[in-house]
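Residue numbers (this note's numbering), protein chains in the order written: chain A, 1387 to 1706; chain B, 2 to 284.
Please note that the accuracy of each hint is not assured.
Claimed, not checked - Below are the DSS-like pairs computed for lysine-lysine, each with C-alpha atoms no more than 30 angstroms apart in a straight line: (1) Lys180/B <-> Lys200/B; (2) Lys118/B <-> Lys1568/A; (3) Lys212/B <-> Lys231/B; (4) Lys3/B <-> Lys1568/A; (5) Lys145/B <-> Lys113/B; (6) Lys231/B <-> Lys59/B; (7) Lys230/B <-> Lys59/B; (8) Lys1568/A <-> Lys158/B; (9) Lys200/B <-> Lys231/B; (10) Lys276/B <-> Lys1705/A; (11) Lys158/B <-> Lys113/B; (12) Lys1511/A <-> Lys253/B; (13) Lys1578/A <-> Lys1533/A; (14) Lys200/B <-> Lys1568/A; (15) Lys1533/A <-> Lys27/B; (16) Lys27/B <-> Lys1578/A; (17) Lys1400/A <-> Lys180/B; (18) Lys145/B <-> Lys164/B; (19) Lys113/B <-> Lys1674/A; (20) Lys3/B <-> Lys1493/A; (21) Lys21/B <-> Lys1646/A.
Bear in mind the hints are in silico, worked out from the structure with no lab data behind them. All of these numbers come straight from a predicted model, not from anything done at the bench.
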Amino acid sequence: MANVLVVAELLEGKARKTTLCAVTAAKQIAEGTGGSFDILSIGEGAGAAADELAGYGAGKVLKAEIAGGYTCEKYAATVAEAGKGYDVLVACASAYGKDLLPRVAAKLDAGVASDISAVHTDGGKLSYTRPMYAGNVSGTVEILTDKQVVTVRQSEFDVAEASGGASAAEDIAVQSDPVADKVEFLGVEVVKSERPDLGDADVVVAGGRALKSAENFTSVIEPLVDALGAAMGASRAACDAGYVSPELQVGQTGKVVAPKLYIAIGISGAIQHLAGMKGSKTIVAINKDKEAPIAQVADYFLVSDLFDAVPALTDAVKKL
Amino acid sequence: MKILVSIKRVADPDNAGKLKVSADGKAVTSEGLEWKMNPFDDWSLEAALRLTENAAEKNARVGEVVLVSIGPNDADTQRIIREGLAKGAERGILVEADEATLDAGIVSSILKAIVDKESPDLVVMGKQAADGDSNVAGTELAEKLAWPIINSAMKIKTADDGKTLDVQRELDTGVATLKVTGPAVVTTSDRILHPESVKNGVTPDDHQYAKLEVGGRYASLKGIMQAKKKPIDQVSIGDLGVDTAKALNYTKFELPPARSGETTFVEDAADLVDKLHNIAKVI
Chain A
1387 MANVLVVAEL
1397 LEGKARKTTL
1407 CAVTAAKQIA
1417 EGTGGSFDIL
1427 SIGEGAGAAA
1437 DELAGYGAGK
1447 VLKAEIAGGY
1457 TCEKYAATVA
1467 EAGKGYDVLV
1477 ACASAYGKDL
1487 LPRVAAKLDA
1497 GVASDISAVH
1507 TDGGKLSYTR
1517 PMYAGNVSGT
1527 VEILTDKQVV
1537 TVRQSEFDVA
1547 EASGGASAAE
1557 DIAVQSDPVA
1567 DKVEFLGVEV
1577 VKSERPDLGD
1587 ADVVVAGGRA
1597 LKSAENFTSV
1607 IEPLVDALGA
1617 AMGASRAACD
1627 AGYVSPELQV
1637 GQTGKVVAPK
1647 LYIAIGISGA
1657 IQHLAGMKGS
1667 KTIVAINKDK
1677 EAPIAQVADY
1687 FLVSDLFDAV
1697 PALTDAVKKL
Chain B
2 MKILVSIKRV
12 ADPDNAGKLK
22 VSADGKAVTS
32 EGLEWKMNPF
42 DDWSLEAALR
52 LTENAAEKNA
62 RVGEVVLVSI
72 GPNDADTQRI
82 IREGLAKGAE
92 RGILVEADEA
102 TLDAGIVSSI
112 LKAIVDKESP
122 DLVVMGKQAA
132 DGDSNVAGTE
142 LAEKLAWPII
152 NSAMKIKTAD
162 DGKTLDVQRE
172 LDTGVATLKV
182 TGPAVVTTSD
192 RILHPESVKN
202 GVTPDDHQYA
212 KLEVGGRYAS
222 LKGIMQAKKK
232 PIDQVSIGDL
242 GVDTAKALNY
252 TKFELPPARS
262 GETTFVEDAA
272 DLVDKLHNIA
282 KVI
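Please work from the sequences and hints to get the whole structure.
Next up, the structure:
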């Protein structure tokens, strides 16, 4: 029987959807082992976020209000203290989860299974599948320590549906940690977009180096993105060249996405990029070179100059 | 300034599609693939070299970079360390270990033992290894040292040998700006390779490094010659007094199923939209 604590991720006082993917994993662990799960709402606005998180079937929602910006040094001691009462700690493997949970794990002497894609509870015994080698191998791993720390890949766990009801709320004490004084949070530049979040969009339109400029992303890619109501993504090369900002990067080092439709435009398909999108249901490639490695994963391939094909595609989509 | 950089050898990440799994599913085999320096470590080495040189004076060394690699004591691991020495690092440490006996917890404990002996101002390391893709060892090392961690650093600036650091780090929602009191552990994003991403108070602030497309700098011929004479200390885990109990046990490895179906080549945009709408039914 495993009792699970979900570590919520807050952004501007609200729980990010990443939290609800972690809730789904926590439910699988709890249900498969006959245990239960709680949620820890931690950060600035933890109280309001806890109210929102009370509707997902957790036994209770713990609250730890911490003002100022997030640093793992400031949060880890409180999460670890709360985690002492649980068998498994779960968060999403977002930049937040990958930063915070290993620090918590080290405090608890717990092993970490990071970025898992599946939970197994055969006979009540927990193990996890995780993609390795840029998604070219999947490993099944058991955690041997008393406590287990797990981060989950957002694209592999559905966003939990609200189940009604209201979990009990409980304030917990914020723990101090001397190392927290060594990091001063000066600010975060949150990139705002009216478009769907890349992590959980149904459709992703991604551009590569062949776009040649930021202006071309705006004039060629964005109209298609908006015609499809899609999220915009990019290859590492396009982010690196400064055509779009880094948080749009899809790949081994960026976001891993698995939308219903992924359209790769002017992206050759380096192995590191494929690692971030080959779980997509339908993959479309638009590329001049039909031998490009993206062909290995593409369901549909339009061999064409993107500057001709994409505006035509945008027009055709608008006529649907 | 003294910086410890951990470098791991990994099976050639650009050919990871050629990896195989042993018949019993207990091991990943990389036969036929060359061992390469973990690319994430290569970025970190580049950052460490920039922090310890005067780029305006032909990259004259003004600090020390110590490389540490944990792995089999063989020609491949030594070659990876020599590659880092040829790029400019001062010396290497090879901690002999069978990779199958390691996990992130053990690796971070080994690195802590090395830090305790070497007392660097910073540890700069890859945020993940291109094989395990775990993203864990750097942060665990920081916690074990009671040091701060800066994960996915894209800009680092220090004018006092790492005692204080102005950094920007990449998030999946944007960019965070932090002021950090060292010593600290730093992991890097690929943006750390940009021409103006590292400032050390020695190289003029307006210096522009050459644009690097893929990884860190190449070794010069002179660097390669000098590297042959640089020392590589060999250490055993036993010497370090580290707890070697594993926290993770991999029970099975598998190759993920290939994507089913063939690629359909479409004629034009209208044909593509027709197929996406009527056959795939995704728009």
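To see whether the hints hold, each was checked on the structure:
1. Lys180/B <-> Lys200/B: Satisfied, since the Cα-Cα distance of roughly 14 angstroms is no more than 30 angstroms.
2. Lys118/B <-> Lys1568/A: holds (22 angstroms)
3. Lys212/B <-> Lys231/B: Roughly 28 angstroms between the alpha carbons, so the hint for Lys212/B and Lys231/B holds.
4. Lys3/B <-> Lys1568/A: holds (19 angstroms)
5. Lys145/B <-> Lys113/B: holds (7 angstroms)
6. Lys231/B <-> Lys59/B: Holds, at about 20 angstroms.
7. Lys230/B <-> Lys59/B: Measuring from Cα to Cα gives roughly 21 angstroms; hence the hint holds.
8. Lys1568/A <-> Lys158/B: Between Lys1568/A and Lys158/B the Cα gap is close to 16 angstroms, so the pair holds against 30 angstroms.
9. Lys200/B <-> Lys231/B: holds (27 angstroms)
10. Lys276/B <-> Lys1705/A: holds (14 angstroms)
11. Lys158/B <-> Lys113/B: holds (24 angstroms)
12. Lys1511/A <-> Lys253/B: holds (15 angstroms)
13. Lys1578/A <-> Lys1533/A: Violated: Lys1578/A and Lys1533/A sit about 37 angstroms apart, past 30 angstroms.
14. Lys200/B <-> Lys1568/A: Satisfied, since the Cα-Cα distance of roughly 20 angstroms is no more than 30 angstroms.
15. Lys1533/A <-> Lys27/B: holds (24 angstroms)
16. Lys27/B <-> Lys1578/A: violated (45 angstroms)
17. Lys1400/A <-> Lys180/B: holds (26 angstroms)
18. Lys145/B <-> Lys164/B: At roughly 19 angstroms apart (the allowed maximum being 30 angstroms), Lys164/B and Lys145/B satisfy the hint.
19. Lys113/B <-> Lys1674/A: violated (50 angstroms)
20. Lys3/B <-> Lys1493/A: Judged against 30 angstroms, a Cα distance of about 27 angstroms means the pair holds.
21. Lys21/B <-> Lys1646/A: holds (29 angstroms)
Of the numbered hints listed earlier, those contradicted by the structure are 13, 16, 19.
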